[in-house]
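Both chains are sitting in their own frames, so use the hints and assemble them into the complex.
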Amino acid sequence: MRALATSTGAERSRFAFLHIDRELVAIGLLGGVLSGLLGVGGGIVMVPLLVLWAHYGQREAHAASLGAIIPISIAGIVTYGIAGEVKVGPAIALTIGSVCGARVGAGMLARLDERILKSVFGLFLVGVAVLMAVRG
Amino acid sequence: MSGTTLYVALVAFGVLAGVLSGLLGVGGGTLMVPFLTLVAGLSQHAAEATSLLVILPTAIAGTLTLRRHGVGNAGVALRFGVVGAVGAVGGALLALALPASALRIAFAVFVCVVGLKMVRDAVLSWRQPA
Chain H
1 MRALATSTGA ERSRFAFLHI DRELVAIGLL GGVLSGLLGV GGGIVMVPLL VLWAHYGQRE
61 AHAASLGAII PISIAGIVTY GIAGEVKVGP AIALTIGSVC GARVGAGMLA RLDERILKSV
121 FGLFLVGVAV LMAVRG
Chain G
1 MSGTTLYVAL VAFGVLAGVL SGLLGVGGGT LMVPFLTLVA GLSQHAAEAT SLLVILPTAI
61 AGTLTLRRHG VGNAGVALRF GVVGAVGAVG GALLALALPA SALRIAFAVF VCVVGLKMVR
121 DAVLSWRQPA
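Residue numbers (the working numbering), protein chains in the order written: chain H, 1 to 136; chain G, 1 to 130.
It is worth saying that the hints were derived from the structure and are not from the lab.
For each residue, glycine too, the CB sits at the ideal point set by N, CA and C.
The reader is advised that the hints may include incorrect statements.
Looking from chain G toward chain H, a few residues come up when the C-beta cut is under 8 angstroms (computed) [said to hold, decoys possible]:
{"id": "1", "residue": "T4"}
{"id": "2", "residue": "Y7"}
{"id": "3", "residue": "G28"}
{"id": "4", "residue": "G81"}
{"id": "5", "residue": "A92"}
{"id": "6", "residue": "G115"}
Which residues of chain H face chain G? A few of them, derived with a C-beta cut under 8 angstroms, are [claimed, not checked]:
{"id": "7", "residue": "L29"}
{"id": "8", "residue": "G43"}
{"id": "9", "residue": "A63"}
{"id": "10", "residue": "A64"}
{"id": "11", "residue": "A75"}
{"id": "12", "residue": "Y80"}
{"id": "13", "residue": "A93"}
{"id": "14", "residue": "V104"}
{"id": "15", "residue": "M108"}
{"id": "16", "residue": "A129"}
Isolated chain G, as found in the complex (with noise of 0.2 angstroms):
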């Protein structure tokens, strides 16, 4: 893909990935990381630092949008955020130190039940009345 049809699915792919940020209030690299690399043919490293960048104002917006309803505590979530940024710098440093792909394995198996236990409670609870 290239020139105005490539910009035109960034640009529904960035809705795509937005809306799925918003609803599901993640910052949506999962899905912009491949996207960058397979279809607009990105390296690994630009196709992270881009969506990297994409992700804070996706994010910010999220947040006003839920402000503005009444959902949750952005000054809460901001500080959480912080403590959430020290660590995760510690975890970059420490996967430099440690077999990274075994760990991706085990936490995709991990992801995996985790999702289905949540999709399995959904489904219990739906037969209870709400």
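Chain H on its own, in the form it takes in the complex (with noise of 0.2 angstroms):
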């Protein structure tokens, strides 16, 4: 570790990739295996992992969940074999609305009191839940 951090700015970026808590990476790896195991979403096991474990804010852990969305969802595209099943139709209409309301979305994350983002965090994994119950 110190070696690292006494290296070179051009050293160090060879090690970027690497470069964040030894927490993140446990939070990471940990709520990565949940949530292929059980076919849920990152964002669900991911949150309340940085929140409870992490101790994130609520607003930097909703924001640091929806990065993470990004390289996961690569990966299961990659990994998923969606070729052939995809729909294109309907996956063109949601992604206009669903970009257009993440853009609204993101912007209310910016400014919403963290209790208020805490409690709508909340509802919604209870409603997770039971979606989860009934779909079995």
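Written as structure tokens, this is what we have:
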């Protein structure tokens, strides 16, 4: 670790890939395994772990989770074999809506009170639990 | 539902899923997959594949917006996600060997407890001066 800390910028950039807290690596791995194992999205697992384990603020946890979903969904697209299964029309229609919605939602995330974020996320989790129980 | 009505419903539902994604930091697949199977009549596999493809641009759009607002650290989040992706592939392989449906029920209970705890924490913190 000391070698890393005293290395030059150029040297450090080679390690930049792993340049995150050990706690984040553990949460990333655990969250990823749970999400792959249970077939649920990464966010539902990552956000509670970041808040309850790593003591992230609710806003920062949501932001970290949203960014993490980018490589996770790329891995999913690559490994899941979506070729030939994607319904292009519905995918385009949903994307038009969801990209607009995501900009609005992220804008709200930047502004809203942490306690409101926590409440809404908590209620969302309860809703997801009900949905999971119903679908079995 | 069919034709134009279905597409209007898909765009509208996309807006809802997108707002929740950007606000809560989730992908939105949990909502989109049931919608695609129940309302749009897609098979489970087609619904999962389609929602997976929609989640990527949604998360990118949300992350770009957060970056503009100076919330979070996109670089750290992306590396965090790479670790998560490695875990997810491992978890998917593990699911083939384990009784996943029993695990799902256990996880649903856990998620419910965590959700209620978060609501409780929020309510309690409201009573104290922020």
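Right, here's what the structure says about each hint:
Annotation: T4(G) was flagged as interfacial toward chain H, and the flag is violated, the nearest CB pair being 11 angstroms apart, outside 8 angstroms. Below 8 angstroms, beta-carbon pairs count as interface contacts, and Y7(G) has one with chain H at about 5 angstroms; its hint therefore holds. Because the smallest distance between the Cβ of G28(G) and any Cβ of chain H comes to about 7 angstroms, under 8 angstroms, the interface hint for this residue holds. Using the Cβ-Cβ criterion of 8 angstroms, the hint placing G81(G) at the interface with chain H is satisfied: the shortest such distance is roughly 3 angstroms.
Because the beta carbon of A92(G) sits about 4 angstroms from the nearest beta carbon in chain H, less than 8 angstroms, this interface hint is met. The beta carbon of G115(G) comes within 3 angstroms of a beta carbon in chain H, closer than 8 angstroms, and the hint placing it at the interface holds. The beta carbon of L29(H) comes within 4 angstroms of a beta carbon in chain G, closer than 8 angstroms, and the hint placing it at the interface holds. Nearest Cβ of chain G to the Cβ of G43(H): about 3 angstroms, under the 8 angstroms cut. The hint holds.
Hint status for A63(H) relative to chain G: holds, with the closest Cβ pair at about 3 angstroms, below 8 angstroms. Proximity of A64(H) to chain G holds as hinted, the smallest CB-CB distance being about 5 angstroms (cut-off 8 angstroms). A hinted interface residue such as A75(H) counts as satisfied when its beta carbon comes closer than 8 angstroms to some beta carbon of chain G; here the least separation is about 4 angstroms, so the hint holds. Hint on Y80(H) holds. Least Cβ distance to chain G is approximately 6 angstroms, under the 8 angstroms limit.
Restraint check, A93(H) versus chain G: the minimum CB separation of about 4 angstroms is within 8 angstroms; hint holds. Evaluation of the V104(H) hint against chain G yields a held restraint, the C-beta minimum of about 5 angstroms falling below 8 angstroms. The beta carbon of M108(H) is positioned within 8 angstroms of a beta carbon in chain G (closest approach about 5 angstroms), and the interface hint is therefore held. The closest approach between the C-beta of A129(H) and any C-beta of chain G is roughly 4 angstroms, which is under the 8 angstroms cut-off, so the hint is satisfied.
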